[in-house]
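All chains should be built: construct the whole structure from the sequences, respecting the hints.
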Amino acid sequence: MTLTDDVFDHIVHKVTVEKGLELAAYQPKFIVDQVVATCRFMGDASHFEPRFVDYAIDNLRTKRQGPPAAATSANAGH
21 MTLTDDVFDH IVHKVTVEKG LELAAYQPKF IVDQVVATCR FMGDASHFEP RFVDYAIDNL
81 RTKRQGPPAA ATSANAGH
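Residue numbers in the sequence shown follow our numbering, run continuously in steps of one, and reach 98 at the last position.
These aren't lab readings, by the way, just hints derived from the structure by calculation.
Simulated restraints on C-beta separations:
hint: 1; residue 1: 21; residue 2: 78; range: 16 to 22 Å
hint: 2; residue 1: 65; residue 2: 26; range: 16 to 22 Å
hint: 3; residue 1: 28; residue 2: 64; range: 19 to 25 Å
hint: 4; residue 1: 60; residue 2: 24; range: 17 to 23 Å
hint: 5; residue 1: 64; residue 2: 29; range: 20 to 26 Å
hint: 6; residue 1: 32; residue 2: 53; range: 17 to 23 Å
hint: 7; residue 1: 64; residue 2: 41; range: 24 to 30 Å
hint: 8; residue 1: 32; residue 2: 66; range: 18 to 24 Å
hint: 9; residue 1: 29; residue 2: 75; range: 17 to 23 Å
hint: 10; residue 1: 25; residue 2: 81; range: 26 to 32 Å
hint: 11; residue 1: 81; residue 2: 28; range: 18 to 24 Å
The beta carbon of each residue, even a glycine, is placed where N, CA and C say it ideally should be.
What follows is the structure, encoded as structure tokens:
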């Protein structure tokens, strides 16, 4: 797959500006894996397409939606 400057700029903008995240080392692999999986599902050869990139970035989850889970009884007392 070829990553053009336009696609790279789009990814950086979407991650940093729209989602408000810092760039992280895991993100490139995650995004590529998601794009490849989407292309495979669509029956297409792997390629960067804006909507596929957007789907991948929308799947980035880094913030907890609530407080951490409470300790289970097995962990109590440790």
